[in-house]
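A.B. asks: Sequence:
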Amino acid sequence: EDLVGAFQAAADAATAAIEGTRNWIARRGRQSFTGERSIGTLDPGIVAVATMLQAIVKKFKKREN
Numbered sequence: 001e002d003l004v005g006a007f008q009a010a011a012d013a014a015t016a017a018i019e020g021t022r023n024w025i026a027r028r029g030r031q032s033f034t035g036e037r038s039i040g041t042l043d044p045g046i047v048a049v050a051t052m053l054q055a056i057v058k059k060f061k062k063r064e065n
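65 is the number that our numbering gives the last residue of the sequence shown; the numbers go up by one with no jumps.
Derived from the structure by calculation, the hints contain no laboratory data.
Pairwise CB distance ranges, derived in the manner of DEER restraints: (1) Asp-2 <-> Thr-34: 37 to 43 Å; (2) Ile-25 <-> Val-4: 33 to 39 Å; (3) Met-52 <-> Ile-25: 23 to 29 Å; (4) Ala-17 <-> Arg-63: 24 to 30 Å; (5) Ile-56 <-> Asn-23: 24 to 30 Å; (6) Asp-2 <-> Ile-25: 36 to 42 Å; (7) Arg-28 <-> Ala-55: 21 to 27 Å; (8) Gln-31 <-> Ala-9: 24 to 30 Å; (9) Gly-20 <-> Ile-56: 20 to 26 Å.
Quick reminder that beta carbons are idealized off the backbone N, C-alpha and C, glycines included.
Input sequences plus hints: build the corresponding full structure.
C.D. replies: Right under this line is the structure:
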């Protein structure tokens, strides 16, 4: 698989995983002090990773054109 395809697959997987973090209880980081109140909040780490991967894919695709 080509590099762009690999990044696209990673971006798709990260984006799909975002919603799955909504029911997690934060145990690390700034939000850990909120405990069960953190349920319903998306994990900022996976949101950041997905955003970065999407940006990388966008740059690669722009260079291909």
